[in-house]
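**Q** The chain contents come next:
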Amino acid sequence: KAGVTQTPRYLIKTRGQQVTLSCSPISGHRSVSWYQQTPGQGLQFLFEYFSETQRNKGNFPGRFSGRQFSNSRSEMNVSTLELGDSALYLCASSIGQGTLNTEAFFGQGTRLTVV
Amino acid sequence: AQTVTQSQPEMSVQEAETVTLSCTYDTSENNYYLFWYKQPPSRQMILVIRQEAYKQQNATENRFSVNFQKAAKSFSLKISDSQLGDTAMYFCAFITSGSARQLTFGSGTQLTVLP
Numbered sequence: 250k251a252g253v254t255q256t257p258r259y260l261i262k263t264r265g266q267q268v269t270l271s272c273s274p275i276s277g278h279r280s281v282s283w284y285q286q287t288p289g290q291g292l293q294f295l296f297e298y299f300s301e302t303q304r305n306k307g308n309f310p311g312r313f314s315g316r317q318f319s320n321s322r323s324e325m326n327v328s329t330l331e332l333g334d335s336a337l338y339l340c341a342s343s344i345g346q347g348t349l350n351t352e353a354f355f356g357q358g359t360r361l362t363v364v
Numbered sequence: 611a612q613t614v615t616q617s618q619p620e621m622s623v624q625e626a627e628t629v630t631l632s633c634t635y636d637t638s639e640n641n642y643y644l645f646w647y648k649q650p651p652s653r654q655m656i657l658v659i660r661q662e663a664y665k666q667q668n669a670t671e672n673r674f675s676v677n678f679q680k681a682a683k684s685f686s687l688k689i690s691d692s693q694l695g696d697t698a699m700y701f702c703a704f705i706t707s708g709s710a711r712q713l714t715f716g717s718g719t720q721l722t723v724l725p
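Line order of the protein sequences matches chains A and B.
Take 250 as the starting number for the first sequence in my numbering and just add one per residue.
Take 611 as the starting number for the second sequence in my numbering and just add one per residue.
Warning: the hint list may mix true and false statements.
[Stated by the list, open to error] Pulled a few chain B residues facing chain A out of the computed Cβ check, cut under 8 angstroms:
#1 654
#2 655
#3 657
#4 677
#5 680
#6 683
#7 697
#8 701
#9 712
#10 713
#11 715
[Unchecked claim] Derived SDA-like pairs: lysine to any residue, alpha-carbon spacing no greater than 25 angstroms straight-line:
#12 B/688 x B/624
#13 B/665 x A/291
#14 A/306 x A/318
#15 A/306 x B/613
#16 B/688 x A/318
For the record, the hints were derived by calculation from the structure and aren't laboratory data.
Just so we're clear, the structure is a prediction, and the values are computed from it rather than from any experiment.
Virtual Cβ for every residue (Gly too), placed ideally from N, Cα, C.
Same shape as in the complex, but just chain A (with noise of 0.2 angstroms):
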């Protein structure tokens, strides 16, 4: 069974710009979650989506948003990017229901560079 994609992998965008990260779960799985994993501020929870609701979100400011589509896909944008956005982008996928204990599984991330 094919694991969670996250495409691209690697991306620099200059200061202003915004970016879209796109993250496939896998094959039934209907929970995606989106983390922000810096040195500063180590791994940090952005939002998790399910069945294309955003169900829990972090604290993060407005410039960071998500959808998810009816297949489970799901994408994240951040508009006016900053220099520190830069970061790894890790996306995750669940069952999303049910017990605490399904497991999370995670995709390589997308390394976002901003210059």
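Could you slot chain B onto chain A? The hints should help.
**A** Just chain B now, kept in the frame of chain A:
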């Protein structure tokens, strides 16, 4: 506030030896799960082991085991017979019923297995 603390930024161990990684956490919830994830240089987060807070028995997965001390809110990871492939960043994390499937991560411990 829900927090995870990993007090050992870096550790090293000789191949075939045993190493223990420390983790403490803080939550007021009663229903939660604890996890250890490993992130090798490929950047993909891989679940190593999980523990349900209601289970007193410590989880074990092959060479990996945990020491779960609920009253002390401690969740350490023991790796036996360390292998070169165990070299990675290890993250302690937990999820609670109140956090709507948001994983809270520690800052990580970089483990290096020496030949």
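**Q** Check the structure against each numbered hint from earlier and tell me which ones fail, lowest number first.
**A** Result: hints 4, 5, 6, 7, 13, 16 break, sorted rising.
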